[in-house]
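Protein chains in written order, with my numbering: chain B, 1 to 112; chain L, 1 to 112.
Check each hint, because a few of them may be wrong.
[Claimed, not checked] Below, a sample of chain L positions facing chain B; criterion: calculated Cβ distance under 10 Å:
no.	residue
1	Tyr35
2	Glu82
3	Asp96
4	Gly104
[Said to hold, decoys possible] One-sided and incomplete, this derived list gives chain B residues near chain L with beta-carbon spacing under 10 Å:
no.	residue
5	Gly1
6	Asn30
7	Gln33
8	Trp40
9	Gly41
10	Asn45
11	Gly90
12	Asn98
13	Phe102
14	Gly103
15	Gly105
[To be verified] Using C-beta positions, here's what the derived DEER-type ranges look like:
no.	chain 1	residue 1	chain 2	residue 2	range
16	B	Asn38	L	Thr7	40 to 46 Å
17	B	Asp10	L	Ser86	20 to 26 Å
18	B	Asn38	L	Thr110	16 to 22 Å
19	L	Phe60	B	Ser28	22 to 28 Å
20	B	Ser26	L	Pro39	21 to 27 Å
21	L	Ser70	B	Ala17	46 to 52 Å
Worth flagging that the hints you see were computed from the coordinates, not collected in a lab. Virtual Cβ for every residue (Gly too), placed ideally from N, Cα, C.
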Amino acid sequence: GIQVEQSPPDLILQEGANSTLRCNFSDSVNNLQWFHQNPWGQLINLFYIPSGTKQNGRLSATTVATERYSLLYISSSQTTDSGVYFCAVGEGISNTGNQFYFGTGTSLTVIP
Amino acid sequence: KAGVTQTPRYLIKTRGQQVTLSCSPISGHRSVSWYQQTPGQGLQFLFEYFSETQRNKGNFPGRFSGRQFSNSRSEMNVSTLELGDSALYLCASSLDPNNEQFFGPGTRLTVL
Numbered sequence: 001g002i003q004v005e006q007s008p009p010d011l012i013l014q015e016g017a018n019s020t021l022r023c024n025f026s027d028s029v030n031n032l033q034w035f036h037q038n039p040w041g042q043l044i045n046l047f048y049i050p051s052g053t054k055q056n057g058r059l060s061a062t063t064v065a066t067e068r069y070s071l072l073y074i075s076s077s078q079t080t081d082s083g084v085y086f087c088a089v090g091e092g093i094s095n096t097g098n099q100f101y102f103g104t105g106t107s108l109t110v111i112p
Numbered sequence: 001k002a003g004v005t006q007t008p009r010y011l012i013k014t015r016g017q018q019v020t021l022s023c024s025p026i027s028g029h030r031s032v033s034w035y036q037q038t039p040g041q042g043l044q045f046l047f048e049y050f051s052e053t054q055r056n057k058g059n060f061p062g063r064f065s066g067r068q069f070s071n072s073r074s075e076m077n078v079s080t081l082e083l084g085d086s087a088l089y090l091c092a093s094s095l096d097p098n099n100e101q102f103f104g105p106g107t108r109l110t111v112l
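Next up, chain L with everything else stripped away, as it sits in the complex (with noise of 0.2 Å):
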């Protein structure tokens, strides 16, 4: 069974522009999560969606947003990108809130 992918791997922007992370669950998981990681931050909840409905966002401004399609594979962007952006974005997937959460290898952001 294939695990979750995301792409791109590595990813170097600079200020001001945007950019479009995507994330490809495990095969019939329908629960997808976004987390950031920096070294200052640590690993922070960005949102969740589960049948294509955002149900639960973490606390970061309006200029990061997501969407999941109907083949459950997500995408998130983040808009007017700041150097405090750059961070390891990870995706996990799961069948369900209760159930175990897989993560993917991440997307490493570079904002210069």
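If we strip away everything but chain B, and leave its shape as in the complex, we get (with noise of 0.2 Å):
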């Protein structure tokens, strides 16, 4: 399967301050979605892009899709940003389904 390494692991901000999230992984693929797990465990949609750059307010991420990697920048924190981002990877091939690979997440910390 496709290996996806996030980093770092943990990181621990500033309110007000900017970040970086990091995502590479081992092989070609169809589809890559960020996430935001909420404390009560439901992940919610930050961006699909399997390429490209992509800008939602404060968040906005890019796809280096030849290099395989992607990024997730986060400006103006704020404590409402803590949480486990996860980077998901597929290779979405239609005749065979669909699998998800997984990082295994970076934990942020916003302290006001």
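Both chains are sitting in their own frames, so use the hints and assemble them into the complex.
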């Protein structure tokens, strides 16, 4: 299967600071998503970004598929940004179904 | 548009029992996937269904099974429960494998 590595594993930020989370993957993918897991366990969609760059408010993401990595940028962090961020990739081959491979996550703590 | 729903949200069982979890995908989505999340193993793929057919299966023992109905709702069953089956079980739905996946709130299973 595809190996997914996320870094850093843990991150502590002062409120207002910026951060970059990285996701490296070991093979070609057709599907890449970033999620934020809330305290109750639900995975909240942040970006669906198999390639290119997207922005949504203070968050943005870039995937360079040819180099097998994706970055999630959080600017002007707030305490509500705290939680675990997951990167998930999939081959997305229609005939054989899809399977997401998850990284181990980055645990972000934003302190006021 | 209603999101992915999972029932029950919490479940407590004893070793040796069996359990059935349910997932209702977003209306119009035909692909449903199941994942297990534990502190030790992280998020792991169980299986994926599309139009009532299991197309992909993760590396789990045969005690884990599932099915999908004609209305795309899916169930997963775990027989002969073991302590190690205690986990958060997440369901995701998508239009097809190459589209964005949306997760439900999860079912937290505790095996005593």
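Here is what the structure says about each hint:
no., hint, in the structure
1, Tyr35, "holds, 7 Å"
2, Glu82, "violated, 21 Å"
3, Asp96, "holds, 6 Å"
4, Gly104, "holds, 7 Å"
5, Gly1, "holds, 9 Å"
6, Asn30, "holds, 6 Å"
7, Gln33, "holds, 7 Å"
8, Trp40, "holds, 7 Å"
9, Gly41, "holds, 5 Å"
10, Asn45, "holds, 6 Å"
11, Gly90, "holds, 7 Å"
12, Asn98, "holds, 3 Å"
13, Phe102, "holds, 4 Å"
14, Gly103, "holds, 8 Å"
15, Gly105, "holds, 7 Å"
16, Asn38(B) to Thr7(L): 40 to 46 Å, "violated, 19 Å"
17, Asp10(B) to Ser86(L): 20 to 26 Å, "holds, 24 Å"
18, Asn38(B) to Thr110(L): 16 to 22 Å, "holds, 20 Å"
19, Phe60(L) to Ser28(B): 22 to 28 Å, "holds, 25 Å"
20, Ser26(B) to Pro39(L): 21 to 27 Å, "holds, 24 Å"
21, Ser70(L) to Ala17(B): 46 to 52 Å, "holds, 51 Å"
Consistency note: the structure conflicts with the earlier hints numbered 2 and 16.
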